[in-house]
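Residue strings, one per chain:
Protein chains: 4
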Amino acid sequence: MKTAQEYKESLKKMRPNIYKFGKLIEDVTTDPATKRTVESHSRCFAAAYEPEYEEIFTTISNFTGEKIFRFNSLMMSEADVIGNSKLKRACYRLTGTCTGAVCVGWNCQNTLYAVTYDMDKEYNTNYHQRLESWIKYAQENSLAVAGALTDPKGDRSKKPSQQADLDSNLRIVEVKKDGIVIRGAKVMICGVAASNEIFLLPGGVYGESDKDFAVACVVPRDIDGLTIVETTRPSDLRELEDNFDMPQTGITQAYLMFDNVFVPNERVFMCGEYKYTRDVINYFTSTYRACIGACVAGQGDVMIGAAVLMARANGLSSRVFFDKLINMSINNEVTYGLGIGAIALGKKHPSGVYFPDQLLANVNKVQVATLPYETKRLTQDIAGGIGETGCLPSCQDIENPQYGQLIEKYLKAGEGSGKTRAKIARLIEWLTLGAGVPGTMHGGGSPDGARLFIRALTPFDKYVDYAKKIMNIEEDVKEPEKAK
Amino acid sequence: MKTAQEYKESLKKMRPNIYKFGKLIEDVTTDPATKRTVESHSRCFAAAYEPEYEEIFTTISNFTGEKIFRFNSLMMSEADVIGNSKLKRACYRLTGTCTGAVCVGWNCQNTLYAVTYDMDKEYNTNYHQRLESWIKYAQENSLAVAGALTDPKGDRSKKPSQQADLDSNLRIVEVKKDGIVIRGAKVMICGVAASNEIFLLPGGVYGESDKDFAVACVVPRDIDGLTIVETTRPSDLRELEDNFDMPQTGITQAYLMFDNVFVPNERVFMCGEYKYTRDVINYFTSTYRACIGACVAGQGDVMIGAAVLMARANGLSSRVFFDKLINMSINNEVTYGLGIGAIALGKKHPSGVYFPDQLLANVNKVQVATLPYETKRLTQDIAGGIGETGCLPSCQDIENPQYGQLIEKYLKAGEGSGKTRAKIARLIEWLTLGAGVPGTMHGGGSPDGARLFIRALTPFDKYVDYAKKIMNIEEDVKEPEKAK
Amino acid sequence: MKTAQEYKESLKKMRPNIYKFGKLIEDVTTDPATKRTVESHSRCFAAAYEPEYEEIFTTISNFTGEKIFRFNSLMMSEADVIGNSKLKRACYRLTGTCTGAVCVGWNCQNTLYAVTYDMDKEYNTNYHQRLESWIKYAQENSLAVAGALTDPKGDRSKKPSQQADLDSNLRIVEVKKDGIVIRGAKVMICGVAASNEIFLLPGGVYGESDKDFAVACVVPRDIDGLTIVETTRPSDLRELEDNFDMPQTGITQAYLMFDNVFVPNERVFMCGEYKYTRDVINYFTSTYRACIGACVAGQGDVMIGAAVLMARANGLSSRVFFDKLINMSINNEVTYGLGIGAIALGKKHPSGVYFPDQLLANVNKVQVATLPYETKRLTQDIAGGIGETGCLPSCQDIENPQYGQLIEKYLKAGEGSGKTRAKIARLIEWLTLGAGVPGTMHGGGSPDGARLFIRALTPFDKYVDYAKKIMNIEEDVKEPEKAK
Amino acid sequence: MKTAQEYKESLKKMRPNIYKFGKLIEDVTTDPATKRTVESHSRCFAAAYEPEYEEIFTTISNFTGEKIFRFNSLMMSEADVIGNSKLKRACYRLTGTCTGAVCVGWNCQNTLYAVTYDMDKEYNTNYHQRLESWIKYAQENSLAVAGALTDPKGDRSKKPSQQADLDSNLRIVEVKKDGIVIRGAKVMICGVAASNEIFLLPGGVYGESDKDFAVACVVPRDIDGLTIVETTRPSDLRELEDNFDMPQTGITQAYLMFDNVFVPNERVFMCGEYKYTRDVINYFTSTYRACIGACVAGQGDVMIGAAVLMARANGLSSRVFFDKLINMSINNEVTYGLGIGAIALGKKHPSGVYFPDQLLANVNKVQVATLPYETKRLTQDIAGGIGETGCLPSCQDIENPQYGQLIEKYLKAGEGSGKTRAKIARLIEWLTLGAGVPGTMHGGGSPDGARLFIRALTPFDKYVDYAKKIMNIEEDVKEPEKAK
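Chains as they are written, first to last, in the working numbering: chain A, 2 to 485; chain B, 2 to 485; chain C, 2 to 485; chain D, 2 to 485.
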């Protein structure tokens, strides 16, 4: 198990292939555009060495019996998947935002552990063995692994193979004896800058005509032929300087562009078996959508803390706002607890890995796309004007030798200093509007997609039968044929 | 394990002590005021013999290893408490409403199984042994057991011992060698008419001055000195006749008035140990508030079914309403799944029984007091005018020889007959406004009470620390002292 | 202007043609099934003579300059339509529920005042003159006029003329020299039992093939050939007795079945002019949906009052619940104020009558189908267990000589008597679940219908242009053609 | 009436006294930190010359009968205040965000027109005359006037005169013969950089001990002794460059710090008359909170447009999202229409100006603090991943010669180009998370403040009476005395 320091060093050694604001990032651990997300992830490594967090961030390898980072483990039981939830909530509490490289890749490997097991059975392939070897390697090397599903997609009304530009979805362009060549892109991928490797899964359910897009593999982040461009988010230009009102932590998302990248066979876990892309999506989303409730709950916890602090810094008792604070706590616990419920009703796959209940997981995704927005609103409501957008001068102004003292004096309200009040207000902006906002609405799939699952998984006709039996209705009342 | 028939016979034999509409009910199984709730409960007995429901309604006694009704069991694991949830959802699906006598008494005995264990340890009493004996007896005799906590309370600003009328809360008036004498009342108690026995628990957390009110025991429903009055609910006067548009099932709630009732020692499980009333409330509400989500989910399932049926009977495709139906399904699964989450994060008590997580259970109670109201609204929305209140003539009119045919003709819309359409509309009224509405807002305690739990169980100061660490705030920002 | 007494006498004289529970109602003013709604309406007549309400319930006739009941007036200005809103809110405050016979007919006559004006212009008919004469007559005789639009409709996927049973929509079966013969039905019509006359409007927008259904006229409630059946609503069987826990007021809805009813020409205002059915619907719904917000606000006011009372009777300060009471007040004022907004942005029709803005009126209808449900939920929340369903014995039990005193003693909580507490709880049940619930979800049309209006009236493409101009987007981004 | 060009020139001539990011802004019309808000305001000037908008942006002066900008007018009727709402909605539609300098100062002058009228009557002062003169001057010179109420306040538990630092609220430090000297600050003031003058009103209701803080006056933005610091908002560092993905328009807010600023008597309209500070707050908030619904509606219109565009650019039909789009439209129309309702129920002040109904205005403020957040959530929901935070590379990357083409190709989805899709996504970010978000939660006062008004203005006891009369309750049920 690497220390936080060793983890950072492992990133330092990698080939620079990440860009932001038009410039190449030479060292992700020091470049202002990426050092904050690296710091976020490094706190997760560090937490494994703290007694308070050890149980959350470590577990025992089912292969070696050794203690490993939990995010390198296989989740073989209800308790293991609840461990995923707890880790995510802890990550948000420690960093205020998302640490994708200790989350998504983890989920990808578990998903494929089941899918390769089934594929091998049907096709007599040896994907499962390959994956197991890689997982052991990842455990030994404490790898931070990002995960990438989302393709650029191109024209949504057409299949991947029908796109004008076939690169619109990541695809196999050549199958060689010792590996495959892939090209295309994955977009909006979280935590890439802080990762050692990136796990690639198909981004949709494909039929035979799209079998070239049915590809799963894992690649080093700095593999040849891969160009990465970080996205920009509100207020992240502020990150380019080290201001007193900026968190040390952060989040990034990236576009990954693959230009005929060669992936050796031992890192390839699906290559054309399109039939199993459905299972990939089902298994991945079950765990992801059950556990994402813990992410937004963890950020919600920080928002509660920030709101309480802001009230105090405004010179008000936080007790005045208890009704709102309770509502915020309820929102957090609903997404967390409902996810736990999905896990508790889950099932073990023959391969040994455990997946949450799909219906509840998707119901949770809809909550995740709704409740945190209300929590943010309540945070701003409690914060007062200063916590709303555009109500605080920049740090350059607060520290300006000419008039900065004046601003500081006018910022002072309750017991704390004006600068502390400014920092809290800035934290609230960062959490509710700024660079700290995670993309949880569409992350792991859209709420509308989740609703389609819910529709498919709700047994409407069974419910009709219950109603009929209670009312003693014997007549068959059918869906009307379509009106002419 | 009794059959449904044997269960009904056991009720038939009891002493008549229940009144409604000013009249004594001679036989609860045939009197129109109570036969519907008896039918509801009897469906639960019958389900235990159906393969589809057997696993839900039966389990193995931890005492005897014999198969018993699940509602007579001790819940010793996460799976057992999830079993409680599943049973409740099934009960609602089968009856459309609440079957309190296979629910609340069950929870009471589990609560006391833990509390008597702890009391015996401290006080060297033998309550635990007494309770165990009774539970075995209940298992052997397949008893339907109601449970009663809510006292009339009197003036809410005063303690029980301060009330002008001491009977405002159920109390011990005499401790005899072989038993105790109790008087006072329990009110709004569900399922009493369908029960063999009633489990009595203290309705609040008491201090030393109120120790006479710290009483727990179990009594036959027809015990000497107990007078029971059923309450009335909207549309239940219709139950006095057997109309084509009435469900066979039903629900009742009752006022229990104890006039110096003698309870022998072997049925007394708490007698003055006021210190443990807090545990009674905590354990009871944890399980109750986790599992009540399944109740409203089960009724919600029936509402989905009724809404789909109504749409069809109106001549419309239910597909038109899928967005609303999905929202209804989400509401159901949130209360169900969040309760399951509370259970999954629960803990085993040293006595062996298992209790859900208190924070999540109380968060769920708040959802239960909110989401089903929206589900009802959506049911009426989908149903169209005919499903709203006051839009359907009575069955006497529909069957009137003179003009009934005319009404029936005007009721016909889609494929089904006018009468079937009327039955569905009436079911929707029954579920959303009428006699089938269960009292889940305040049942098992009020949402405001649950909010107080949430406030106490949310670690606000820990959340403040998270916020401070993320923003690197070192200054201590305290709650302001109260303004002069 | 009739007194309340004279109004009741006018009803007494009418031919009995109303049935409920299978029986003919001989006198609507004394029969328990209808006397409560008559009492409700009679309070509106009486209010016109009270200084506090005079301005609300009376106005000046634009024809005669005499003081008349406002509900017999033409609404010729913004202030006049606001007067409609204010009257409705007052009616609910005085009766707790809906008084359809001083509301819908009023709206019908105003709608037709505009439509007949336009029809006469195009077709050279003299409908406008006929209507004017009838309105003068109605003013002189202080008529209470119900209004009826909703047809049984039959199979929703077919037009009126395509129905298997042509009676599924009210229609003209014969045009005679001196009048028309109509048959079919109108259903779910409010206030009929308390009305002197009934105004009939087409229930949909019709094309040429359905011109026989384009009929508007006004008929005495007891006209030959008309059979009326009252519907039943939850708890209305209680109305058959005069119990201490029943309001004196009430609401009814009815099925009107026309068996070849002859209507003389002077009472016919549309006869086949199908093209104008669209205007009928547009004008009617504009005013109705703007003003219905006042109805639910008025009932909400009573719910606030009942909730405050209940808290006090429970022995609690209503201050504890102020956050919820404020939310209830907000809900009331939103539906009321938004309706006023719709009126303020309305327009005068060339005929002189004034109609609210259609977009805002329909937006309000959606609020009316949502917010009052939350207000009801809050009422039950504040009320505590006793205000929820099934938590109160019947009045026969409370007054039972044997055990009634006992119940009463257990009902006592705060300062008031047990009986008063029971009355308040019963009022809350009546308002939120029982016979007092008005059918405002679908009354005046369904929220889904309102949403279609909103869709049609929102200028989406204009909004696209705003977005493009702000962002300086010149490229045309079209709706995609449908995917194959 | 100035042209847009003349307006900009008038700003150019002013003394530089505004800072941002630690630097002095020499010319607000060209400095990147302020030029966007100047452009926003200048579009309002320009609109007055466009036929489509002329009626909205101009009116007739009640003093001179000449055509003037509407934002320089006195609002003397319901129609005039509705004109305020319409202007605000138009401003947001044209600029996407807030243009404070054609809004708040306007409201200030109307408020004081009433208050000075009353003060003069009581105190025999000549404030009203002074104000009238200045208004005429403002009309003649087409002044853009910001308005400032919010003081820094300091310790919220103390009055202004009790603050450790008396400057925490703007105050009179000296009354000279020819004018007054003020010091202190106003904070979070919108539109200052685009204003010619700033109208100052007291920020609270004061008693006699705080009479030095009861000051109202108007000052040129560049008056001697005034230092202005612009605040920073998420993503506004991007505004420092002219990127293809930035709107031309913008919003700013500022801290105004007064260092013994002399204001001549003819510009002073309140000087110690503390008793009238309550009226200032009441009148100002009535109009402000009625009309602010139009602001968020206007931005909501742009969000609807942007969402439709985004769907199309994603290659999807916007029809798929109609249910959500209708919900967005409803949210917009509720805040707009409810504000109009408040106006319609308003009253004319003896001075001639017209103020909306206070209860409805405050109810609207609560909606404004809630519904737009849901509209933003829906915008992001419809937009898909690309519209969420952190899902789009910067313009520098999209235009990078090395890999920019690659990003652009992956951004292309439907018919439009990749760059156009990026611009729409960026607009959505700007509207929902970025620099375009207006501070409407606390702008014009907090929703909690509005709730206090609602509580005070709801006649709870009257509502209790309605409930009692309906239920025929004669017993007086009082609030309980406080429990000991």
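Hints are computed from structural coordinates only; laboratory data are not their basis. Since the model is a prediction, treat every value here as computed from it, not as a measurement. Do not take every clue at face value.
To be verified - Computed spacing ranges between beta-carbons, pair by pair:
| id | chain 1 | residue 1 | chain 2 | residue 2 | range |
| --- | --- | --- | --- | --- | --- |
| 1 | A | F263 | D | E242 | 33 to 41 Å |
| 2 | D | E242 | B | D449 | 23 to 31 Å |
| 3 | C | Y50 | A | V321 | 24 to 32 Å |
| 4 | D | K68 | A | K410 | 42 to 50 Å |
| 5 | B | K348 | A | V321 | 31 to 39 Å |
| 6 | B | D477 | A | E141 | 39 to 47 Å |
| 7 | D | E53 | C | E123 | 44 to 52 Å |
What the hints assert, rightly or not - Quick list of in silico lysine-lysine cross-link-like pairs, DSS-like style, CA-CA up to 30 Å:
| id | chain 1 | residue 1 | chain 2 | residue 2 |
| --- | --- | --- | --- | --- |
| 8 | A | K177 | A | K24 |
| 9 | D | K463 | A | K420 |
| 10 | D | K160 | B | K479 |
| 11 | A | K348 | B | K349 |
| 12 | D | K463 | A | K410 |
| 13 | C | K420 | D | K463 |
Note that beta-carbon positions come from the ideal geometry of N, C-alpha and C, so glycine has one too.
Evaluation of the provided hints:
no.	hint	in the structure
1	A:F263 / D:E242: 33 to 41 Å	39 Å, holds
2	D:E242 / B:D449: 23 to 31 Å	54 Å, violated
3	C:Y50 / A:V321: 24 to 32 Å	49 Å, violated
4	D:K68 / A:K410: 42 to 50 Å	46 Å, holds
5	B:K348 / A:V321: 31 to 39 Å	34 Å, holds
6	B:D477 / A:E141: 39 to 47 Å	44 Å, holds
7	D:E53 / C:E123: 44 to 52 Å	33 Å, violated
8	A:K177 / A:K24	34 Å, violated
9	D:K463 / A:K420	49 Å, violated
10	D:K160 / B:K479	20 Å, holds
11	A:K348 / B:K349	22 Å, holds
12	D:K463 / A:K410	48 Å, violated
13	C:K420 / D:K463	22 Å, holds
Hint check: violations occur at hints 2, 3, 7, 8, 9, 12; the rest are consistent with the structure.
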